[in-house]
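Dock chain B against chain A, hints included.
There are 2 protein chains.
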Amino acid sequence: MDLVAGILEGNRRALAKGITLVENGEPEKYRILAELHPHTGKSMIVGVTGSPGAGKSSLVDQMTKFYRKQGRTVGVIAIDPTSPFSGGALLGDRIRMQDNTLDPGVFIRSMGTRGSLGGLSRATKEVLTLFDAFGFDVIIVETVGVGQSELDIMDTADTVVVVLTPAGGDIIQTLKAGIMEIADVFAVNKSDLDGADRVVSEVNKTLDLSHGEWRPPVVKTITLDGTGLDELLAEIDKHREYLISSGNLEILRQKRLKEEVTGIVLHKLEDMITLRFQQDRQVQGLLESVVNREQDPYTAAQSIMFSLESWLPESAAESS
Amino acid sequence: MDLVAGILEGNRRALAKGITLVENGEPEKYRILAELHPHTGKSMIVGVTGSPGAGKSSLVDQMTKFYRKQGRTVGVIAIDPTSPFSGGALLGDRIRMQDNTLDPGVFIRSMGTRGSLGGLSRATKEVLTLFDAFGFDVIIVETVGVGQSELDIMDTADTVVVVLTPAGGDIIQTLKAGIMEIADVFAVNKSDLDGADRVVSEVNKTLDLSHGEWRPPVVKTITLDGTGLDELLAEIDKHREYLISSGNLEILRQKRLKEEVTGIVLHKLEDMITLRFQQDRQVQGLLESVVNREQDPYTAAQSIMFSLESWLPESAAESS
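These protein sequence lines map, in sequence, to chains A and B. Position one of the first sequence corresponds to residue 8 (the working numbering), numbered consecutively onward. Position one of the second sequence corresponds to residue 8 (the working numbering), numbered consecutively onward.
Hints were generated in silico from the structure; no laboratory data involved. Computed from a predicted model, the values in this text were never measured in an experiment. Wrong hints could be hidden among the right ones.
The list treats identical chains as one, so a pair stands whether inside a single copy or across any two.
DSSO-like cross-link-like pairs, simulated, lysine-lysine; straight-line CA separation at most 27 Å [unchecked claim]:
no.	residue 1	residue 2
1	K245	K72
2	K275	K245
3	K49	K212
4	K262	K275
5	K275	K76
6	K275	K72
7	K262	K245
8	K36	K72
9	K24	K227
10	K275	K265
11	K36	K227
12	K265	K36
13	K212	K76
Pulled out of the complex, with its shape left as it was, chain A reads as follows (with noise of 0.2 Å):
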């Protein structure tokens, strides 16, 4: 089975087969990513964060359904932090999720961290991709709502929904997690509990003193029966809407790809050298200096560096 075809076609084994391939870092994931990119653009990327506990998968598997009951297509990543020991993600949240994945309109993949810092949002971005081209209409990427890299995966999203609770602090956990500024929407979830319309005049509050040619709007949801969800997907595509006509989408597609150039680049530079470090005589020399502590780590990198000259453009010829 080719992949690419598979995929455009809208074959779901070939999906999964792709994202397990950009998962495993197969290097042959390049040829198909580069060959899917032209039929990239046209999903609509939402982002959905917000602190532990405020109800984001339960959030994000009712958007799901209400999306179908519109008729669009979605896609579903979840970002599960995973133990750097284990890498399983925990998937408990995911169960819940059944009704949606039995509809071959919805897609849904969790994803773990594998470990390394940068590695998840490389490969987010690189399942999006996959996603996009598959032609969903929407993609929900949702995130636990703390941490730098999930800001960085936010950054991939066209709009973000950041989901508050009335539970005690939370305004405050998610100012301190910076993830206020990066709202495009806000869910005040669990509202049938107290405090929901405080958090609604907080945030509203919080927005007459700052924000910027787009007020994001503030919808109250309630989970378990529906309500608010209307509203919130309404808001999202007000939200679409303001992006295109400001001009502000192609902009911020630009910058990302831009981005995901450079990404790529240093991404394989790393693996490049990680490789050449464990292989090179003088490079592991250097190490057990540092290691014996004859040597300090900034000095030994400088001696790396140079020594970078003799190395460098004959493997980056090699990794082509």
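Chain B in isolation, oriented as in the chain A frame:
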């Protein structure tokens, strides 16, 4: 004032200046870090992590006071995730620490993420080098325990304290965040609340299923009145004794030094490449062709990799 001499003499102003220099990424930082390096490796490095709201800041505050009672000096590196837009850290939690900051045996530094993935863990490692050379007996690194860069930072600690509370779902959140398995010591904080004993027994049940050579002890703490703090500090010391007697401390530190060198080389290459990308006409042309969708990012990255041959050695020499 010579910064290096100042830091080695225990001059706080020199230390503060050094940190600013490192955080701003001034080029001279490498010289300073290189000169300080032979004087490092003496501090005990304790990581403190846990879900938002677990009371980490207050616990670190109390730990600091208890270490001071033992006559040990303490450096605290507190990592507040910040907005990628404002670039400023929210220092609310730190205000409570005023007591400690008036003590010349204590130095507290809050760090922001400055928006760059991987930048935070790099800067944290550099500040650790400064603190270590300054001569603190104990260095506490505190992070919000969710997210990949935070896991990466905890990798720099000799002993990791994972803070839990009796609050509902705290263990599940901790498991999801992947920090359960990096714990060397568990602190069940706010243990005056209902359910503390249940949390202790749940953690112990998890440990019964799997633990390494070192079985993490579980200590109940109450930050307000200092309950359990003596025991917590004793367990941290015991873990350090174990690390030393088993030879694991040396293995850990060697591994870290090697990673540090690799990290510095990659960081320098990244800076070099980013700068070069902005200046190189061929690269700019390739980026434009990607933006215009005439070329995919992967093929463009490959072309850039080839062009590295012509300019990388030269700029490698330049950056020295």
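Evaluated hints:
1. K245 <-> K72: within (19 Å within a copy, 53 Å between copies)
2. K275 <-> K245: Classified as neither; 39 Å inside a copy, 42 Å across copies.
3. K49 <-> K212: neither (35 Å within a copy, 49 Å between copies)
4. K262 <-> K275: Cα proximity of K262 and K275: in one copy and across copies (20 Å, 23 Å).
5. K275 <-> K76: neither (42 Å within a copy, 51 Å between copies)
6. K275 <-> K72: neither (39 Å within a copy, 47 Å between copies)
7. K262 <-> K245: within (22 Å within a copy, 51 Å between copies)
8. K36 <-> K72: Neither, since 31 Å and 53 Å both go past 27 Å.
9. K24 <-> K227: Classified as neither: same-chain Cα gap 38 Å, cross-chain 47 Å, threshold 27 Å.
10. K275 <-> K265: Intra 16 Å, inter 20 Å, cutoff 27 Å: intra and inter.
11. K36 <-> K227: neither (41 Å within a copy, 49 Å between copies)
12. K265 <-> K36: within (19 Å within a copy, 30 Å between copies)
13. K212 <-> K76: For K212 and K76, neither the intra-copy (34 Å) nor the inter-copy (44 Å) Cα distance is at most 27 Å.
Going through the hint list in order, the structure does not satisfy hints 2, 3, 5, 6, 8, 9, 11 and 13.
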